[in-house]
Amino acid sequence: MTAKDLRSAKLGTVIGAFFKMMVPLIVILPGLLGRAVLPFELVSEPVAQQTGAHSYNEVLPLMLVRYCGPGLLGLGVTALIAGFMSGMAGNVSAFATVWTYDIYQPLIRKQATDAHYVRMGRWCTLLGVFVSIGTAYLVMSFRSIIDYAQVVFVFFIVPMFGTVVLGMLWKRTTPAAGFWGLLAGILASFFLWLWVRLDPSAVRFVALSADAKLGMADNIYRAMWSLVANVVVTVVVTLFTKPKPAHELKGLVYGLTEIPSEGHFPIFKRPITWAAAVGIGFVVLNIIFW
Amino acid sequence: MSEKRHFISIWFFIGSLLVVYGLLILGAGIYELFSPSKSQVIMSYLHAGIWWGLLLLVIGGIYVSRFRPGKRL
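Protein chains in written order, with the working numbering: chain Z, 224 to 513; chain E, -15 to 57.
Read the hints as simulated data drawn from the structure, not as lab findings.
Where hints are given, some of them may not hold.
Just some of the chain E residues that point at chain Z, by a computed CB distance under 8 Å [to be verified]:
#, residue
1, G13
2, E16
3, F18
4, I26
5, S28
6, W36
Remember, predicted model here, so these are calculated numbers, not experimental data.
Note that beta-carbon positions come from the ideal geometry of N, C-alpha and C, so glycine has one too.
Make a model of the complete structure from these sequences and hints.
Right, dumping it as structure tokens:
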């Protein structure tokens, strides 16, 4: 929406994809380095709470204290805090906006003054901060931060992916199908997670293998089931509901939208070149880490 | 006077921030060089503060000079 032209918008997404593929590396690498260079053994969070030893999650501050002297240590701590603050500020303001504009205003109180909505947004922001603090305690019950992040991603991002792709590429998709598909994906993901949480041996059904063990791989299998539930429900509900007329979908669905020209650029400046590089990287990474 | 003259790029602020960080870290690194504290960090003989301070200063300097207000981008 804020990109200056189509090429910038496409390149922004492609660059984002590069960094997104690096997230596991960025998250895991400090832990691996810590394991190699720290003079003591890092343990999991529950063991750390019982024994008082350092957990994997403390690796960044531990490494900062070990290697960064005065000045650099401040920069490292500033970077950490800036990262936390930007993530939290973005999520809390998104929470306040979604609640106030998309739920409270259209469904609960339609005709209030602007001052009222601003006040509601502020209270939501405050509530969001407290929810964030509560979430920090929730994370402590997970095996690691990356495990928690993957669980949350699989709850929401995976079903969202199915809904967005179908809605964008298939003009027949209906609003009801989008809603029920998304809900089915989220619920499928949540109940599979709860099932394995209550009965860890159930992981063999989720991961389709008798040898499956609890670990981050079950998140990936849960993602698969969540996507399947999302797509199946979206397609089935679509076939039983009335599609929107084509003129209402202009600008929203791929086939019905006029795509402006990207302009003429050399091959290495075209988004398609870098998108292909991302695609190749994606396949190669999957082959290496399968 | 054209519209562009009123425009201050966000990269100028980022460059300024890097210059300030660079100065602080370089300063702390030089201070450590001449009066080392008792609790040394690992590999303190590499004087990471000086190198990082210089790097931030150079990168910040490039950004400040490239995006300074009034310069035609």
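Going through the hints against the structure:
For E:G13, the interface hint holds, since its Cβ comes within 8 Å of a Cβ in chain Z; the closest pair sits about 6 Å apart. Taking 8 Å as the C-beta contact cut-off toward chain Z, the hint placing E:E16 at the interface holds, the least distance being around 6 Å. Among the interface hints, the one on E:F18 is violated; its C-beta lies about 13 Å from the nearest C-beta in chain Z, farther than the 8 Å criterion. Nearest Cβ of chain Z to the Cβ of E:I26: about 5 Å, under the 8 Å cut. The hint holds.
The beta carbon of E:S28 is positioned within 8 Å of a beta carbon in chain Z (closest approach about 6 Å), and the interface hint is therefore held. Taking 8 Å as the C-beta contact cut-off toward chain Z, the hint placing E:W36 at the interface holds, the least distance being around 6 Å.
Checked against the numbered hints given earlier, the structure breaks only hint 3 and satisfies all the rest.
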